[in-house]
Amino acid sequence: MGLFDIFGGQSQLTLDVATMERWPERLLRRQRLTRAMDVYLKDIENAKRELLLAKQALKDPAVKDKVPERASIIYEEHLPALLDAVNELEAGAAFVDNIFLVEDQQEEFRKALEEFKEASQKPHDSLKEYLGDELSRLRECVRNLEDAVLSITPVLEETHFKNIKELKVLIDTYKATRSKEERLEELYEQLQREIDELESKKLRIKDKISYYVERSRNSKFQELIAEEAQLIDRIEDIKNRDYDAADEERELKPLNQRLAMIRKQMIHDVTALNISEQRTFLQDTKDRLRIAKKKLARVNELLEELSFETFRRKMVELLEPFGARIEDATTILEDEEEHVAPQ
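So for the sequence shown, the numbering used here puts the first residue at 21; every next one is plus one.
Possibly wrong hints are sitting among the right ones.
Here are the simulated DSS-like cross-link-like pairs (lysine-lysine), alpha carbons at most 25 Å apart as the crow flies [unchecked claim]:
#, residue 1, residue 2
1, 221, 79
2, 273, 284
3, 306, 228
4, 314, 200
5, 222, 79
6, 148, 79
FRET-style restraints, in silico, Cβ to Cβ [what the hints assert, rightly or not]:
#, residue 1, residue 2, range
7, 297, 329, 44 to 50 Å
8, 329, 103, 31 to 37 Å
9, 347, 103, 55 to 61 Å
10, 224, 282, 38 to 44 Å
11, 197, 347, 19 to 25 Å
12, 231, 269, 29 to 35 Å
13, 322, 174, 37 to 43 Å
14, 259, 212, 18 to 24 Å
15, 206, 247, 41 to 47 Å
16, 242, 222, 37 to 43 Å
17, 81, 174, 23 to 29 Å
Don't read these hints as lab results, they were simulated from the structure. We put the CB at the ideal spot given by N, CA and C, even for glycine.
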C-alpha cells in the first residue's frame, strides 16, 4: 500500500447534491491531497532557494578571482547569459497554491527547463574550465528543482486526482448550463403550446373540408377534389420522409405542378374552391406543425444532455474509486422505501 493509498478503513462518503460545488474540496481532503500540496510547494520553494544560493555563488567576487586575466572576456560575456537563463528558469517555477493548476504549471516548467538547457549550454561549456565546482552545484540544484516539480505526479496518480479534476470540470459545466436549461425549458413549453394550437387548427380545418365535401354536387369537380386529396397525401408522405432539400424538391415538383393545374380548374366551382382553399390552409398548418415538432424534438435532446441525470451518470463513474455516494431527494426516498418493512 502506497503512502497516499488511504481508501481502506474509511466510511462511505456521502455527497449532497445541494452542495456539489464543495465535492472536489472534500475529495481532496479525503485523499490527503491538500496536505500533499502543502508539502509539494514547500519542497519547490526549498529547491528554488538552493538554486538562488548557487546563482549567487557564481556572482561572488571570490569566484571571479578564479578566472585568469586572459579569460576575463569570456567570463564577462557568458556569466550574465548564464544568470539570465537561471532567472528565466526560476520564473518558470512560480507555482501557485491551486492543485488543479499543477499539471499546467508543470508543463510551463518543462518548457522553461528546455529553454534553460539550451540557453545555458554555451555559457556552461565556456566557463566550466574555471568554475567547475560552482557550475556542478548549479546543475545539481536544477536537477533537484526538476525532481521537486515532478514529485507530486505519482501522488496524483495514486489518489485518482484525475477523477477529481474531471469531476470539478463536470460540476462547473453543470452549474454554468443551468441558465441555458431554463431557457430551453421555456422554449419547450412555448413549442408545446404552439403544437397544441396547430393540432386544434388542423382539426378545425379538416372539419371544414368534410363539410364542403358533403355539399359538393358536381361530379366533374368531385373527381378533381378526390385527385387533389390524393396528391396532397403523396406530398405529405414525401415531406415526412426526411429527404434532403434537393431530393425533396425533385420529388415534389411534378406533384405540385399537377396540383396547380387541378386548382386552376376548380376556381369555377365555389364549393371546390372552398375545399381547395381549406386544403391549402391545412398543408400550411401541417408544415408548421412538422417544423415545430422537429424543433421540440431537438430541444428535448438538448434538455436530456443538460439534465442532472445525464451529469449524474458521469459523476457516479468518476466517484467510483472513492466509494462515494450521491444523495438527493430521490435517493433519500429510495433509502426510506428500502427500510420500510412490508405490511
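Hint by hint, here is what the structure shows:
{"no.": "1", "hint": "221 / 79", "result": "90 Å, violated"}
{"no.": "2", "hint": "273 / 284", "result": "17 Å, holds"}
{"no.": "3", "hint": "306 / 228", "result": "16 Å, holds"}
{"no.": "4", "hint": "314 / 200", "result": "19 Å, holds"}
{"no.": "5", "hint": "222 / 79", "result": "90 Å, violated"}
{"no.": "6", "hint": "148 / 79", "result": "15 Å, holds"}
{"no.": "7", "hint": "297 / 329: 44 to 50 Å", "result": "48 Å, holds"}
{"no.": "8", "hint": "329 / 103: 31 to 37 Å", "result": "59 Å, violated"}
{"no.": "9", "hint": "347 / 103: 55 to 61 Å", "result": "57 Å, holds"}
{"no.": "10", "hint": "224 / 282: 38 to 44 Å", "result": "24 Å, violated"}
{"no.": "11", "hint": "197 / 347: 19 to 25 Å", "result": "22 Å, holds"}
{"no.": "12", "hint": "231 / 269: 29 to 35 Å", "result": "34 Å, holds"}
{"no.": "13", "hint": "322 / 174: 37 to 43 Å", "result": "41 Å, holds"}
{"no.": "14", "hint": "259 / 212: 18 to 24 Å", "result": "22 Å, holds"}
{"no.": "15", "hint": "206 / 247: 41 to 47 Å", "result": "44 Å, holds"}
{"no.": "16", "hint": "242 / 222: 37 to 43 Å", "result": "24 Å, violated"}
{"no.": "17", "hint": "81 / 174: 23 to 29 Å", "result": "43 Å, violated"}
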